[in-house]
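Trainee: First to last, the protein sequences are chains A, B and C. Sequential numbering from 0 applies to the first sequence in numbering that gives the first Met the number 0. Sequential numbering from 0 applies to the second sequence in numbering that gives the first Met the number 0. Sequential numbering from 0 applies to the third sequence in numbering that gives the first Met the number 0.
Just so you know, these hints were derived from the structure itself, not from any lab. Glycine residues also receive a C-beta, built at the ideal position from the N, C-alpha and C atoms. There may be inaccurate statements among the hints.
Below, a sample of chain B positions facing chain C; criterion: calculated Cβ distance under 10 Å [said to hold, decoys possible]: (1) S232; (2) N325; (3) I332; (4) Q572; (5) G617; (6) F620; (7) R622; (8) L661; (9) T663; (10) V668; (11) P669; (12) A674; (13) V676; (14) G680; (15) Q681.
Chain C stretches covered by chain B per the calculated footprint, using a threshold of three residues with CB under 8 Å from any CB of chain B [what the hints assert, rightly or not]: (16) 58-65; (17) 86-95.
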Amino acid sequence: MTIKVLAIDDSRTIRSLVHKVMVDAGFTCALADDGVQGVAKFKEDPPDVVITDLNMPNMDGYGVISAIRDGRIHRNVPILVLTTESAPHLKARAREAGATGWIVKPFDDEAIISVVRRVTGAKG
Amino acid sequence: MSQQVSIRDMFFEETEELLEALTEGLAQMHAGAHDDETVNAVFRAVHSIKGGAGAFKLTALVAFAHRFETVLDEVRSHRLDPDADLMRILQRSADHLTVLVDDARSGEDTHGAQTPEFLSALDACLGGPAEPELEDLDGSFGFSAITLDLGDIAPAETPSGQPFTIIFWPHKGLYANGHDPALLIAALADLGEVWAEIDLTKLPDLDGFDPAKPCLGWTIHLTTTESETEIQSVFEFVEGLCDLHITAQHPVISSDPAPEVLVFDIAPEVLVIEPSVAAPVAESADRSIAEARRADAAQADGGLSEKNVPKPTLRVDLDRVDRLINAVGELIINQSMIAQRVSELRLATDADVVTHVEDYRLLARDIQEAVMAIRAQPVKPLFQRMSRIVREAADATGKTARLVTQGEGSEVDKTVVERLADPLTHMIRNAVDHGLETAEARIAAGKDPCGTIHLSAAHRSGAVIITIRDDGAGLNRRKILEIARKKNLVSGDAELTDPEIDALLFLPGFSTASTISNLSGRGVGLDVVRNAVVALGGRVSISSTPGQGTEFTISLPLTLAVLDGMVVSVAGQVMVIPITAILETIRPGNEELHVVGTTDRLLSVRGKFIPLVDVAEGLGFARPPNHPEPQTMLLVETETQGHCALIVDRVFDQRQVVIKGLDTNYGAVPGVSAATVLGDGQIALILDPDALANNRVLAPADARSTTKQTEGKLLATV
Amino acid sequence: MQPFDSNSATEVEFVTFFTGGQSFSIDIRQVREIRRWSAVTPLPHAPAEVLGVMNLRGSVIPIFDLAVRFGLPPTADNVRNVVVIAAYESQTVGLLVEAVSEILSVSPDRIQETPDLRSDNSRQSIIGVIPVEDGMTRVIDLGAVIQTGKRTLQ
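Generate coordinates for the entire structure from the input sequences, incorporating the hints supplied.
Mentor: Right under this line is the structure:
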């Protein structure tokens with residue numbers, strides 16, 4: 000079954016890059032440009048994995064994580080956060096909020112695909 | 000590949016918007032708005048630029064954005080106070096970021112050399128070249144005990160088939176965070192041969208562990224050729240969410256007698272997800288500045304109210320819009336063709352078809368207006384860029400200056416906005432460089448030592464009027480005249496009125512700076528500004544009051560696609576003259592025409608003498624033999640020649656015409672600005688009255704122009 | 000100018016036409032369409048070979064009189080005159096000729112180098128000549144025709 004990815008990022012550039020990489024890897028990829036839209040899309044069509052930016056307008060990445068983790072359905076869907084730094088405290092905070100893992104920007108295609116595969120169990 | 004290219008284009012397009020948001024946010028902060036949202040939006044703009052730049056490996060940009068972001072993060076977390084000094088550094092840094100983006104886009108490194116200077120200014124804000132994002136991490140989250148820099152653990156060179164024992168006890172948080180132990184074990188299986196034992200015994204020593212949750216543990220035996228680092232990386236995301244012991248067993252080949260044991264000492268506590276960590280979901284009044292800008296753009300009045308709900312927008316490829324505009328242009332032409340055919344039938348004005356044709360006309364105009372509105376853009380981003388120009392120009396000249404803008408919400412065609420950037424930049428520089436006095440001179444004159452440049456935009460009867468006003472000393476007319484005489488632009492004895500002297504600034508080859516400063520002296524005079532404005536179908540004029548300042552007024556059409564024109568005939572050819580230039584139509588009597596010398600003729604209009612320009616002659620068209628002497632004249636206003644009367648054969652009517660460039664398939668034609676397609680499918684040329692008047696009055700030699708002006712003056716004073 | 004690889008085995012196609020009693024031809028890849036002559040709007044200060052501009056489905060395109068371009072007497076008004084619409088790079092232009100005669104398919108090695116012509120205009124605007132049954136046809140360098148038109152303008 001095709002893995003469904005939901006990518007949430009306020010940057011068009013990053014959204015498009017994630018979309019391209021995901022689609023090229025054979026996944027389907029829905030996009031949202033902020034947290035509110037992201038959570039709405041999550042509820043509408045629950046994905047197999049969420050990739051979200053942290054710093055966004057209209058609900059940031061932490062908000063997205065807690066909205067999903069506190070939700071009634073699909074609360075255990077893997078959530079990957081995009082961070083620009085590899086700063087440990089940001090990862091720690093994301094993990095504390097309930098993130099499954101993280102992807103450090105700038106990401107290379109292979110890295111992001113392998114992380115998605117790792118948390119969803121999709122075979123390469 | 001092309002997709003990658005287009006994402007790169009998208010990055011620069013988005014960065015453009017982010018830079019605007021950054022500029023605007025900083026301006027708001029400068030004006031005293033230090034609320035979290037404003038600061039956060041500024042931070043986010045730089046953060047996003049950095050993120051995107053990283054994706055395209057634009058390292059110079061990433062490096063600078065990173066340091067800039069670090070300082071902004073300090074401001075955001077209230078560890079740095081955005082006082083005047085810091086704001087200055089932030090604004091300069093934003094300017095530098097802008098030029099670095101330009102560099103990245105063009106692939107040229109013209110500003111990189113300045114980066115260290117900006118970096119040290121930013122470092123100084125941080126109290127030294129620190130990496131502050133690591134500072135406060137101990138106290139807040141208590142994760143320092145498990146902070147693991149994998150790079151520091153030298154992985155033992157593992158020979159093939161190294162067996163490991165991994166003891167893995169997930170905490171509740173591991174499941175809550177969307178992890179599945181089975182997937183982790185599967186990931187280990189990718190590294191080598193796995194044999195996993197499930198441990199069903201409870202963990203009695205774990206206080207507060209929820210017994211309702213599965214408390215399973217695994218002992219995994221992994222035989223792999225991969226290093227320990229690889230094994231650790233499988234568990235990278237579950238650090239702190241489990242107890243994990245990785246032990247290298249019975250090394251097959253090892254000089255080290257003791258088995259290498261690596262223990263992650265993880266506090267055996269259960270992680271509880273704190274929803275309070277995250278922002279509340281529903282009520283986020285949070286709105287990005289980019290959206291605010293879009294909402295403002297939708298407002299015609301300049302967007303004073305900031306609390307509007309952003310309107311939904313649609314991004315459309317520009318080519319599609321232009322295709323639509325072309326199609327609508329054809330529709331308009333088709334409509335006028337049909338209208339012409341119908342009018343030739345000479346039907347009663349209340350005939351059905353006449354009414355329908357009129358409806359068609361109105362409908363077509365509506366569609367056209369709606370389509371044109373798609374290309375309309377607010378001048379705000381352009382104006383925002385000018386504040387940087389003012390800062391740079393003030394720095395370079397050692398003056399202090401501020402920019403005050405007004406009517407930023409005024410919308411103009413996208414191309415007009417784009418092509419206005421250069422002339423506007425030049426005029427703003429000019430205003431600071433030549434317009435404003437030094438602080439000392441200003442104080443001596445009893446003025447605020449900080450000069451003000453006013454930049455405003457407003458819509459006025461189908462045109463947008465842009466004014467650039469400085470509160471400087473005003474034009475030095477004596478000096479202008481002196482220079483013009485020295486350069487033979489006017490004859491030595493010519494007496495010119497103040498507006499005539501001011502207009503000399505627009506003549507080619509005129510430059511006011513007696514010493515070449517950093518800013519001017521690039522061979523760009525106001526004539527270039529004028530040409531750029533005229534090329535957009537606009538006009539520029541100047542006015543000045545001694546001691547109070549100088550004002551430039553640019554009047555531009557709202558669109559480049561259509562213009563209101565007067566349809567005339569010249570030497571048997573149908574042509575169009577832009578309405579904006581025409582003051583009135585005159586049919587003079589013989590007594591109002593005066594011959595000067597052998598060929599020059601003047602027309603007297605209400606006691607003033609105005610030069611006549613024969614359009615046919617100016618275009619080099621011969622009238623057919625026995626053609627009656629043309630008696631119709633159009634009084635036009637030109638920038639450099641003042642009023643002129645254009646001689647045409649006939650005036651037909653006024654109508655809106657679709658502009659078709661001649662450049663695409665041919666090139667520039669003297670005296671002609673563009674062409675249009677008439678109702679009968681024939682092409683009519685659109686005339687450039689300024690060029691016609693200039694050509695007539697200035698050519699062939701300077702001598703002619705000076706006599707002309709002298710005569711005009713003398714006759715006018717009679 | 001499209002390069003002709005004389006070693007290429009593929010034949011190249013030319014549209015040939017008559018003007019001023021001489022045969023000219025143009026690479027078929029440059030030809031967009033052939034239209035009947037219709038009145039043009041003259042351009043001021045244009046070189047003699049530029050007759051004016053014509054409306055081609057909303058585009059303004061200049062029309063060149065090829066005869067004048069090659070120093071022959073101007074093409075006389077005639078209802079049978081045609082305009083060859085041709086494209087060079089991003090420009091579209093029209094060439095007024097007396098009649099289009101045929102489409103010629105030749106192998107590149109049949110195109111001969113231009114003999115030393117006396118007229119500059121001709122030399123610069125002819126790529127080569129192709130021998131045909133009743134003489135030869137001159138292959139036009141469209142880019143050069145347009146360029147010189149522009150140079151004269153300035």
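Trainee: Now look at each hint and say whether the structure bears it out.
Mentor: Verification of the supplied hints:
1. S232: Not OK, violated: S232 of chain B not within 10 Å of chain C, min 54 Å.
2. N325: holds, 7 Å
3. I332: Since the shortest Cβ distance to chain C is 7 Å, the answer is holds.
4. Q572: holds, 7 Å
5. G617: Interface hint status for G617 of chain B: holds (8 Å vs cutoff 10 Å).
6. F620: At about 6 Å, which falls below the 10 Å cut-off, the nearest Cβ of chain C leaves the hint on F620 of chain B intact, so it holds.
7. R622: Interface hint status for R622 of chain B: violated (13 Å vs cutoff 10 Å).
8. L661: This hint holds: L661 of chain B lies near chain C, its Cβ roughly 6 Å from the closest one there, short of 10 Å.
9. T663: holds, 7 Å
10. V668: At 5 Å from the nearest chain C Cβ, V668 of chain B passes the 10 Å test, so the hint holds.
11. P669: holds, 5 Å
12. A674: holds, 5 Å
13. V676: holds, 5 Å
14. G680: The hint holds - G680 of chain B has a Cβ within 10 Å of chain C, the shortest such distance being about 6 Å.
15. Q681: Status holds, d = 6 Å.
16. 58-65: holds (count 4)
17. 86-95: With 4 residues closer than 8 Å to chain B, the segment 86-95 of chain C meets the three-residue bar; holds.
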